[in-house]
Every structure is written in C-alpha cells, then in structure tokens.
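Q: Sequence:
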Amino acid sequence: MKHWRAALLFGAVLACHAQTQPMAQPEPRHSGFDFMGTAVQTMQRDDALNPAMLWVKQGETLWHTPAGASGKTCASCHGAVSSLRGVATRFPAFDADLQRPINLAQRINQCRQNRQQAEPWRLESPDLLSLESFIALQSRGLPIAPPADARLQSFVERGRARYQQRLGQLDLSCAQCHDQRWGQRLGGTVIPQAHPTGYPLYRLEWQGVGSLQRRLRNCLSGVRAQPWPYGATELVELELYLAAQARGMTLESPAVRP
0 MKHWRAALLF GAVLACHAQT QPMAQPEPRH SGFDFMGTAV QTMQRDDALN PAMLWVKQGE
60 TLWHTPAGAS GKTCASCHGA VSSLRGVATR FPAFDADLQR PINLAQRINQ CRQNRQQAEP
120 WRLESPDLLS LESFIALQSR GLPIAPPADA RLQSFVERGR ARYQQRLGQL DLSCAQCHDQ
180 RWGQRLGGTV IPQAHPTGYP LYRLEWQGVG SLQRRLRNCL SGVRAQPWPY GATELVELEL
240 YLAAQARGMT LESPAVRP
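Mapping the sequence shown onto numbering that gives the first Met the number 0, position 193 (from 1) lands on 192, and the numbers just tick up by one.
Keep in mind that the hints were calculated from the coordinates and are not lab data.
Even for Gly, the Cβ is constructed at its ideal location relative to N, Cα and C.
Across the chosen pairs, the derived CB separations fall in these ranges: (1) Asp170 - Arg114: 44 to 50 Å; (2) Ser69 - Arg246: 34 to 40 Å; (3) Cys76 - Arg121: 18 to 24 Å; (4) Asp170 - Cys76: 46 to 52 Å; (5) Cys76 - Thr188: 38 to 44 Å; (6) Trp181 - His77: 36 to 42 Å.
Full structure from sequences and hints, please.
A: Here's what the structure looks like:
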C-alpha cells in the first residue's frame, strides 16, 4: 500500500508540472547498475555470487540437449558457443516472414519450431529464460548494436510514441519517470534511466530471472494500465525503441537488480 500511495502522490506532482517540463533524453546515459547499492553491484560483478548464473547453467544444458522430432540440438546448427558472440546485442530484429520485429526469445522459439520441430516454450518460462540468458552471456561486454535496418524505422517510431504516451489511471508515461525524473526516488526506490543493458536479469524482488517484457509489464501495472500480453507487438516495439536509445552502451546480461 505504501508504494501505491507514493505512486499516486508522484503522479499528482507530475500532472501539475507536465506541461512545463521538456521531453529531454537522459544525458549522460547510465545503466541501472549505476543506481544500485554496493552489495548488489558486487553480486553482479562476481559470477560466483550472481544468482542468474544458475539459469545460465541450465541454458547451457539446453543448448546441448536434443529436442523435438528432428532430434537436433541448438549446437547441431549453430556449432560452437563462440558463434553466439554478438547475437544478443542485435535484437529485436526484423523478421522477413512475419514482416515485423521479433525479440531474442521469439527467435529462439522460431528455431524450436522450424529447426527442431519442437513445441515452442511458453514466453517467460524458465527454460526459455535460461537459454536466452546463456545466449546473452556470450555477448556480455559488447556494445548494444540494434540493426541499421530501414524496415525497422516505423516500429522504432511507434515504440517512441508508446514510451511518451500517458497510460493508466495515474496518467503517466515512461518518459516522465525515466527521462525527466531519473535519479529521484519513488516509494524509497531510485528511478533509473530506461536502458535495457542487463536483460534477462535476476531481480531480488522477483527472486528469479525475468525478461525486459516482464519489467515493462510491471511498469504498466504500476501506473494502473492494462499490461499487454507477453510477445505483443506493442512490447516488442518498446524494446526496439529502448535498444535504439541504448545503442553503444555495454551489455551486462545477466545483470542483477534490486
């Protein structure tokens, strides 16, 4: 209840000042890592302490496990783990068959269906998060590099519009918190900038690993808006816009957050 009261008060303050506040992009850019306490930063830095590495280990097992009617493993097509280097930095990406962007989790499920002839995993399921975390780890330390694909531009713009759109009973946009009020506190928690540098990540609040879409859905619930379902185009468009804003920032996955 305390967090809801804080959110309502914060919403009222923003409503009073929204017309006079510019829609400025955060500068300089900061990863969510910069807003964490020392204990959580230490947990992320040390793989022996990072709880997300349990999911990574399971993902490594899944990479080498035959699946579906084909009997193929992921390694059957992709080969050595080194082939994964840089993959996670380039999603969401445009899918020519679907004529829209998809994120890495959706790409993994495409491989399961089309290459392994296996049932796709449920979005946000432990197996899917584990394999996605394993793949993301291979790109840790590389710059986020969304594709320079003209076919993505209209989707990026729609993501930008959603990011700036007021939503829910609290009538707040993503930008009002994460661009205009980053570094301030809401319900005792520091508001970070909205850079997706660590996903999938382990969140202490969740006691588990979760995707960027889970975090976006949490924010929608926080402003009392109806969250889009996992895999919805609206969420992928938001992911695409956030990736564009974070271009060049270092991928930390799997990160740890409070």
